[in-house]
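Given the sequences, and given the hints that come with them, work out the whole structure.
Each chain is listed here by its residues.
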Amino acid sequence: MHRSILITGANGALGLAIAESFLAREADCHVFLGVRERRDRARELAARFPGRADMIFLEITSPESWKTAMGEIEGRDRPLGALINNAGFHEDALLANMAQDQWSRVLDANLNAVFHGCQAVLPGMMRQCQGRIVNIASLSAIWSPAGQTNYAAAKAGVIGLTQSLAKESARMGITVNAVCPGYIEGGLPADWTAERLKTLKMQLPMRRFAEPSEVAAAVFFLASAEASYITGSTLKIDGGML
Amino acid sequence: MPIRQRLKELLITELMLDMKTDDIGDDTPLFGPAGIGLDSVDALQVVVMLEKNFGFKMSDQEQARRVLHSVGTIADALEKRQAAA
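Chains as they are written, first to last, in my numbering: chain D, 1 to 242; chain E, 1 to 85.
A few of these clues could be false.
Below 25 Å or equal to it, Euclidean Cα-Cα: the simulated DSS-like pairs (lysine-lysine) are [as the list claims (entries may be wrong)]:
1. E:K57 / E:K80
2. E:K52 / E:K80
3. D:K236 / D:K201
4. D:K167 / E:K80
5. D:K198 / D:K167
6. E:K52 / E:K20
7. D:K67 / E:K80
8. E:K52 / D:K67
9. D:K167 / E:K57
10. D:K167 / D:K236
These aren't lab readings, by the way, just hints derived from the structure by calculation.
A quick note: this is a predicted structure, and the numbers were derived from the prediction, not measured.
Written as structure tokens, this is what we have:
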């Protein structure tokens, strides 16, 4: 399958693992690593796969940036076959103390960006009558922990968007799915102490966090030809936590 | 192949309709219970289909509403554009 894959947030642990999964398992795909200022790890990955992976600047909250990136991708010799909306971040606070811009920033990056991304890639996928969109939501969308009203609402919105868009695009050969990872190694706040992480792991059924590659494997499957009848689904990948 | 026949075949293929071309009259409404019963998702697909197969682009929603009424109205729009070219 000669196709391009676009992964947003490709400098983070999960984005890198997803990119590596495609590069290792799908020999003839080309991966675009969506990055902004931080790109050191994505650059290393691209260097390991010469000619098969390129970094591309993408400000996910900007429709203009999406348009520019899509112009570059569609100017190449193969169609965009899959979009992985992976970029996002959380900025936790209790709602009583949450500033308006904390709410807005998190909604912009985690929900509005997914809207912009889907809108940017859909025309091309509709013309081809095929495509895969995988949205990285979060267990927070279902679990809704205290301190994450903004993040939980945004990610729950991603699930709603996924289900609705799946219905809109199903007849055009486009599938849209979401995954809800729990805790991922390398994806936790840097200021969490070793003691806190240890306590957290003790509360999990598997007593460990997910390896990024374990989440990436599910994303790869949902973006593959084999997942052709799966759309509108939300897959939680949490080691049995919920 | 006459344009109306081709449009009917494309509609059946692209929208995966379980019907034959004879089941679609030139003036049968494409949308609503009195016609074929297409929905808004189908409409989007028809717009893409017309662009892909005929290079025909809708300029606005009003034009789309007018043109996408039936196979006959789509064919008229395509023929009118061809005559103007």
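Hints, one by one, checked against the model:
Using a Cα cut-off of 25 Å, the hinted pair K57 (chain E) and K80 (chain E) holds, with the two alpha carbons roughly 13 Å apart. In summary, the hint linking K52 (chain E) to K80 (chain E) is supported, as the alpha carbons are separated by about 18 Å, within the 25 Å threshold. Among the hinted pairs, K236 (chain D) with K201 (chain D) is consistent with the structure: their alpha-carbon atoms are about 18 Å apart, no more than 25 Å. Taken as a hint, the K167 (chain D) and K80 (chain E) pair is broken in the structure, with Cα atoms around 34 Å apart against an allowance of 25 Å.
Our distance criterion of 25 Å between C-alpha atoms is broken by K198 (chain D) and K167 (chain D), whose separation comes to about 42 Å. Straight-line distance between C-alpha atoms of K52 (chain E) and K20 (chain E) comes to about 22 Å, which keeps the hinted pair within the 25 Å bound. For the hint linking K67 (chain D) to K80 (chain E), the alpha-carbon distance of about 33 Å lies beyond 25 Å, and the restraint is violated. Restraint check for K52 (chain E) and K67 (chain D): satisfied, since their Cα atoms lie roughly 21 Å apart, inside the 25 Å limit.
Between K167 (chain D) and K57 (chain E), the direct Cα distance comes to roughly 24 Å. Compliance with the 25 Å bound is thereby established for this hinted pair. With a CA separation close to 20 Å, the supplied pair K167 (chain D) and K236 (chain D) stays within the 25 Å bound.
Comparing the model with each numbered hint stated earlier shows that hints 4, 5 and 7 do not hold.
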